[in-house]
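Got two chains here, separate frames each, mind docking them using the hints?
Here's the letter readout for the chains.
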Amino acid sequence: MMDERLQENACLYAADAMSPQENRAFELELQGNAELQNLVRELRDAASGFALAEKTVAPPLRLKTKILARIEGEHKRTESFSLLNLVNQLRSAWLPWAVAGGFAVLVAVQFVQAQALRRQANAQALEAGGLRQQAADLNSAVTNLSTQIAALEKKDDFSQMRIAMLSSLLDNSPKALAVSLWDNDKQSGVLVVQNLAPAPTDKDYQLWVINDKYPAPVNAGVFSVDEKGNVRFTFKPDMPMTSVDKFAVTVERKGGVPKAEGKVALVGG
Amino acid sequence: MHCLARHYDCGYDFTLTLAGRWTNRLGQRLARTENQSVNTETSEDEIKLLRRIACGDREAFARLYDQFAGILYATALKVLQDAKEAEDVLQEVFLQIWDKAGNYDPNLGKPLTWTLTLTRHKAIDRLRSAQRRYKLVESATPELADRQPAGESFNADQNLIVRQAVKNLPAEQRTAIELAFFGGLTQDEISQNLQQPLGTIKARIRRGMMKLRDTLEGKL
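Order-wise, the sequence lines are chains A and R. In terms of this note's numbering, the first sequence opens at residue -16 and continues consecutively. In terms of this note's numbering, the second sequence opens at residue 232 and continues consecutively.
I should point out that these hints are in silico values taken from the structure, not numbers from a laboratory. No false leads were mixed into what you were given.
List time: in silico PhoX-like cross-link candidates among lysine-lysine, alpha-carbon distance up to 25 Å: (1) A:K237 to A:K219; (2) R:K331 to A:K49; (3) A:K38 to R:K442; (4) R:K331 to A:K47; (5) R:K398 to R:K433; (6) R:K341 to R:K353; (7) A:K242 to A:K229; (8) A:K242 to A:K196; (9) A:K38 to R:K341; (10) A:K49 to R:K315; (11) A:K242 to A:K186; (12) R:K353 to R:K315; (13) R:K398 to R:K442; (14) A:K38 to R:K398; (15) R:K433 to A:K246; (16) A:K229 to A:K196; (17) A:K186 to A:K211; (18) R:K398 to R:K341; (19) A:K47 to R:K341; (20) R:K353 to A:K38; (21) R:K433 to A:K242; (22) R:K353 to A:K47; (23) A:K246 to A:K158; (24) A:K169 to A:K196; (25) A:K237 to A:K211; (26) A:K242 to A:K219; (27) A:K237 to A:K186; (28) A:K196 to A:K219; (29) R:K315 to A:K38; (30) R:K315 to A:K47; (31) A:K219 to A:K186; (32) A:K246 to A:K219; (33) A:K49 to R:K353; (34) A:K196 to A:K246.
For clarity, every value in this text was computed on a predicted model and none was experimentally measured.
Chain R on its own, in the form it takes in the complex (with noise of 0.2 Å):
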């Protein structure tokens, strides 16, 4: 099948990449030598790659990995606690990206919003088949409410505007996403597990949802 994604839309802007990727390299060139970890890459850069992943590009593909690979990695170890099986998440991940790039659709997210998912659902998957999920329920008690994020981010430009809009969400709101978004519960299982009813628990995620939508409009 992912003969066919290869030949997803691969007569796109043939011109418009070769000239992009000049200028591009360049920019990244410069931005390096600043700062090993910046990423110079927009969305419409990633989308760019991934469209060329789609038609069989490998170097697309090694940028795209030298550019999520540790957020990526970083995200699987959060929710699996172990190296070894972060490694291979990683791994599963981006053979999936490498066949499925085709499937990408913008109008659904961003490119790290899809591999973000990809990445949470698939370590998601191992956590609940290994029962391991109460490792990471004791840290979220009043642990992870209290933790903040420490060491380089994804992006050194937005680093100081995500962080401390996460830091700014209350403390029991960002536990009951992070509950949910790395630890797979669901809203019953939160409730359950913090021991607070159902409709606080909704009201908690929805209110930390909105507040970082509305924080970070415009500026991932």
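One chain only, chain A, in its complex shape (with noise of 0.2 Å):
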């Protein structure tokens, strides 16, 4: 049975009652919770009764005419109103010259279509070559990444460390920044953190390791930063993590509380 904070969190997410910093912070508890993941997309999807109870309006002709010449390419549009135009001058001249005329409209038409099609062959052909360079290029990256990454595991220093960046949803400190190293095989990590602004006196900053694993986030302790903000704060969650997907900071009650409770401050992973 899922709580009932977290069904009306649910519920003013998929209504889009939320602010946008409520928004994130909601989107994080989303994350790894499939029942809830589940719960919002019926919401969403009965919300949309609001719509379909509505009158509905057919919107002018023209629009569709107008939207489906914009996806045809703009280059195309164009030759064929310059065609246009030409046949509106020649059917004000003088009969034979009308028809020789009409001879020649059909050849500079069948020309300017033979002209179209090749552009589009060519358009088509170069961005064909374009796919084929952006694959190489991804696949060059790919590449280069698994180096990096074979590189870093050589290294028994690196092997079991995860590094992720907090970034701040605070008003008070936008600047605020965090980086967090974890080691899977210690089950511990230390959180260094600058320019985040002193909790509350009756407050303090807890940190949540996130993981599939867990319905919840899991406690990982409290701290407090000096006069500038700065902490180094090392840290053993409370249960044991196989690997982790985030982490996060919020501000909570004195000590902290078993269950994330507060606004979140930074979050990461």
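Here it is, written out as structure tokens:
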């Protein structure tokens, strides 16, 4: 059974009633919680009922033509327009000239169409070339990264180390930044924080470790920052972690709480 | 970037698509003879349409337009209260669908939900920039709660069920959700505008959304 606060937040999220900051904090809770994700999907589909219950209004017909023309491509549209103008001018000419002109127009149309097709084919060939180049670049980037990861894995010091950057969600500390170094073997880590405004006197900052295996974030201890907003904090989560998906810091009651309930200050993974 | 999206799963079930297209068209033709506005697509069909659009299929795009334009335009119009701006939003939304159909994720909701979200967000962004939110707030208080939707809705089969479900919500719950859904107001703003405590607004939205979810489950 899902707790009422989560259910309420899911409803507010699906109805788009949260502020951007609240949205970000809730999206953090959504990660790794399949039951919550399912509820949000159902609520979003249900919320569309508000639109479905409204009277349908047909948009102007020209709008569909306009949109379809846009996706057909500007150059093709321009050519068609010029041809139309040419035909209109010829309509007012003398009959034999019109016949001859008609023949010329026919030839011109065929010529322009052939040109357009050729241009289209060239554009597609260019696009295909671009895609091939993108694929090659991506392959090369993947290879480079794989090499770098392999090199790092060879170094014992970093083989089990997970490095995460946490950014601020607090209005009073927009420049706050933190880096978490997590050692899976030792099941402990170090959090280095900079520029984070000190918590109110009756509050503490509390670190949480998030992993799919656990339905809720796992407590990793409370800390406070010095007057400059800096701290280096060694932590050990309450539960064993096979891996870590994300880290979050919340503002909680003095001494910490068993389950996160306060405002999210820093988050990242 | 959209070129990459165009290559999204483009070989997915081509033979099935061809076979399905003929039966779909026959079904649509039969349905049209009864009622032009009837929606014959299921969300599965709509997902297939989006996949075809991601592969650059213009016919699929035109079909999706016919399918969704009415409801999306009505939604933009409701938010913006301005036909010209609603047209602009509809155009932006469909161009975005053409470019980003490959990004659609069925796990996050049905195609209609996705396109409605795109439309609402674009319309609400315009509304915010024009600072015309007061129009909706003005019309949201008692009149909004008492107003019943009228006229043809998206799908004749779903018409009564959906209307009934929305109508059956207590007025104060419906108002709170509509202010967020169509007005782009946050829970704090709704609380201020309706002069009700934040906790009350949260509870109204939760009760209304849960009730709507339970009523419409498997029917949309």
